[in-house]
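Trainee: Chains W and Z are the protein sequences, given in the same order.
Residue numbering for the first sequence follows my numbering, beginning at 1 and increasing consecutively.
Residue numbering for the second sequence follows my numbering, beginning at 1 and increasing consecutively.
Hints may be right or wrong, so weigh each one.
With a straight-line cut-off of 25 Å between C-alpha atoms, the simulated SDA-like cross-links for lysine to any residue are [as the list claims (entries may be wrong)]: (1) 159(W) with 290(W); (2) 56(W) with 38(W); (3) 124(Z) with 159(W); (4) 179(Z) with 83(W).
Negatives, chain Z to chain W, calculated, CB over 12 Å [said to hold, decoys possible]: (5) 28; (6) 67; (7) 92; (8) 139; (9) 140; (10) 145; (11) 161; (12) 190.
Which residues of chain Z face chain W? A few of them, derived with a C-beta cut under 7 Å, are [said to hold, decoys possible]: (13) 99; (14) 101; (15) 103; (16) 210.
If you're looking for bench data, these hints aren't it; they were derived computationally from the structure.
Note that this is a predicted model, so its numbers are computed, not measured.
Where a beta carbon is used, it is the ideal one built from N, C-alpha and C, also for glycine.
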Amino acid sequence: MSEQALFIHSDAFFRYRFHDDHPFNNQRLELTLDLIRSLNLLKDHHLYEPTAATDKELYLTHDREYVEVVKTAHEGTIPESRLLEFGLSTEDNPVFDGMHDIAALITGGTLTAVKQVMSGARPHALNLSGGLHHALRAKASGFCVYNDASVAIAYLREKYDARVMYIDTDAHHGDGVQWSFYGDPDVMTVSIHETGRYLFPGTGNVYERGHDAGFGACINIPVDAFTEDDSWMEAFERVIPSAIRKFQPDIILSQHGCDAHHYDPLTHLSATIRIYREMPRLLHEWAHEWCDGRWVAVGGGGYDIWRVVPRAWTYLWAEMSDQPLGEVDIPAAWRKRWQRESPVELPHTLHDPEGIVEPIPRREEITQKNRTVVDQVLQYL
Amino acid sequence: MLVEEIMHRIVHTVEPELSIREAFQVARQHRIRHLPVVKEGRLVGIITDRDLGHALLHMVDDEPAAEALAHPVSEVMRREIITAHPLDFVEEAARLLYQHNIGCLPVVHGERLTGILTRKDVFKTLIEMFGVHQPSQHVEVEVADKIGVLAEVSRIFSQHKTNIHRVMVYPGRQPGRLKLVFRVQAINMLGALRDIVSAGHRVLWPPLPPDAGKPGECHE
Ligand SMILES: [Zn+2]
Ligand SMILES: [Zn+2]
């Protein structure tokens with residue numbers, strides 16, 4: 001049964017790094033891969049090398065002019081003012097060597113995943129380097145240069161005329177993907193995230209529902225700051241199955257940014273690893289129930305690279321590859337290997353122990369507020 | 001933003017001699033609620049569909065409705081009119097609408113009626129001012145109310161190559177304090193926020209992680 005999933009990987013993914021002090025640090029992939037291996041969850045037959053996205057594939061959702069700028073940005077010949085127009089050379093998205101090649105490889109990773117799943121090679125495929133959901137048609141945004149999910153969805157539309165359900169569980173609104181398909185009735189985007197009132201990118205309110213023919217094929221579930229596991233899962237479980245039932249997708253593409261965790265330094269939610277175990281379990285179930293198992297998953301945000309990302313994404317891969325894990329200890333060897341480098345104490349268990357989030361007095365109010373949002377969303381379904 | 005930038009330039013008006021019945025028809029035809037009353041290009045009154053209704057209610061106590069409807073609007077129009085000038089600020093227009101609890105402002109230049117502004121138009125402008133048009137993050141900083149403080153905080157964002165899309169300045173919680181609200185184009189602004197804290201200001205939002213220096217008070 002564990003031959004059901006592909007793990008798309010290239011060591012080159014580690015090089016999607018802006019600079020040493022930048023919060024987006026793909027050393028997290030190295031830590032994750034090592035943890036997955038330490039738990040003996042990755043066999044040779046799982047691994048699959050990606051091919052880079054071609055220019056033509058990138059043009060599916062990016063402007064040629066932008067791709068040209070990304071390709072040559074590191075040469076230092078483009079004036080800074082022009083780079084800034086394309087969202088580059090900011091503190092969020094500084095230019096780095098090989099930026100185009102690595103970003104195109106990551107995009108190729110998600111494309112490879114999609115192609116493998118659609119060809120019937122395996123029902124599930126995972127590209128943890130993907131999920132760069134903020135990138136816009138002609139603009140880098142929020143650490144994202146190319147929008148791998150947008151490109152892959154556009155490819156699915158063009159090549160297979162497939163109905164695609166995109167489910168984004170990153171703490172930030174999946175704005176780039178939403179805007180790419182805002183008018184397309186055959187792509188449903190669903191994003192659950194911390195409300196844009198207080199968090200980047202500011203969009204993703206319930207009234208953003210698509211335009212023209214695509215109206216209704218866009219769903220947003222903004223939850224309040226400091227939302228905890230129960231309320232998050234309640235929203236997820238109440239909305240997604242109804243949305244899937246209504247939309248009847250051919251394939252699910254899910255984004256697994258894990259920055260809704262309490263430890264994440266860039267967001268203000270209070271979730272624990274529990275949601276990163278439960279969401280993949282449900283998505284897996286739904287993919288088999290509604291899409292003949294066709295399910296592609298990508299990574300996303302996650303800025304506590306030591307304590308959160310490796311554990312969250314290990315649970316994801318374990319679920320996808322039919323080796324689901326319960327509450328288990330983290331192998332001592334893994335902790336020993338990485339503790340030297342880590343600025344924080346590494347966790348002992350894959351799950352979070354009770355009580356990592358201090359109880360807050362506003363819990364009931366937040367839960368109620370989120371329930372109201374979900375009620376509103378369900379009215380549309 | 002100026003009134004002339006958002007006002008309607010085509011204004012449907014009525015003459016004072018027009019009957020109430022016809023005035024109703026004009027309002028319905030153009031789907032508007034406010035009718036300036038104009039004589040020889042000069043604004044002499046204003047009438048709303050609600051005023052017409054109220055006036056009629058009173059009149060039908062004494063005479064048949066058909067007769068009441070034949071009265072000229074000059075009998076029931078308001079003659080004291082609050083107006084705006086095309087070069088007034090939108091916020092001044094908003095204050096007038098709110099303070100006098102009225103639904104629209106005829107815009108008058110000299111003697112000439114040049115436009116009309118409704119509550120709805122002002123609302124729409126405010127929504128655009130507060131809306132999110134670029135991917136950006138909300139930041140609130142409490143500062144001392146002194147010369148150069150806005151420039152100082154803005155400079156910190158620019159040093160971090162972070163574009164500011166919008167700034168609003170509110171009174172602070174205590175006298176001598178101000179609350180600056182920014183929308184900045186950045187997903188990560190921990191560096192800028194640390195510098196703002198080091199410069200002696202208080203960051204109210206977002207909450208800073210424990211290692212980021214002295215955090216500001218959390219939002220309640
Ligand atoms: Zn399966
Ligand atoms: Zn995120």
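Trainee: Hints first: check each against the structure and report whether it holds.
Mentor: Comparing the hints with the structure gives:
At most 25 Å may separate the alpha-carbon atoms for a hinted pair to count; residue 159(W) and residue 290(W) meet this at roughly 21 Å. A threshold of 25 Å between alpha carbons decides the hint, and for residue 56(W) with residue 38(W) the separation of about 39 Å lies outside it, so the pair is violated. Taking the CA atoms of residue 124(Z) and residue 159(W), the gap is about 42 Å. The hint is violated against a cut of 25 Å. At most 25 Å may separate the alpha-carbon atoms for a hinted pair to count; residue 179(Z) and residue 83(W) exceed this at roughly 32 Å.
Against chain W, the non-interface label of residue 28(Z) holds: every CB pair exceeds 12 Å, the least being about 30 Å. Non-interface status of residue 67(Z) relative to chain W is upheld: no Cβ of that chain comes within 12 Å, the nearest being about 49 Å off. The non-interface label for residue 92(Z) is consistent with chain W: the shortest C-beta to C-beta separation is roughly 28 Å, beyond 12 Å. With a least CB separation of 9 Å from chain W, residue 139(Z) falls inside the 12 Å interface cut-off, contrary to its annotation.
With a least beta-carbon separation of about 9 Å from chain W, residue 140(Z) fails to lie farther than 12 Å from that chain, contradicting its non-interface assignment. Distance check for residue 145(Z) against chain W: the nearest CB is about 24 Å away, which clears 12 Å, and the non-interface claim stands. Listed as outside the interface, residue 161(Z) is inconsistent with that label: its C-beta sits roughly 5 Å from the nearest C-beta of chain W, within the 12 Å cut-off. Against chain W, the non-interface label of residue 190(Z) is violated: not every CB pair exceeds 12 Å, the least being about 7 Å.
Given hint, residue 99(Z) at the interface with chain W, is violated; its Cβ is 29 Å from that chain's nearest Cβ, farther than 7 Å. Interface restraint check: residue 101(Z) against chain W, minimum CB-CB distance 29 Å, threshold 7 Å, status violated. Because the beta carbon of residue 103(Z) sits about 25 Å from the nearest beta carbon in chain W, more than 7 Å, this interface hint is broken. Evaluation of the residue 210(Z) hint against chain W yields a violated restraint, the C-beta minimum of about 9 Å exceeding 7 Å.
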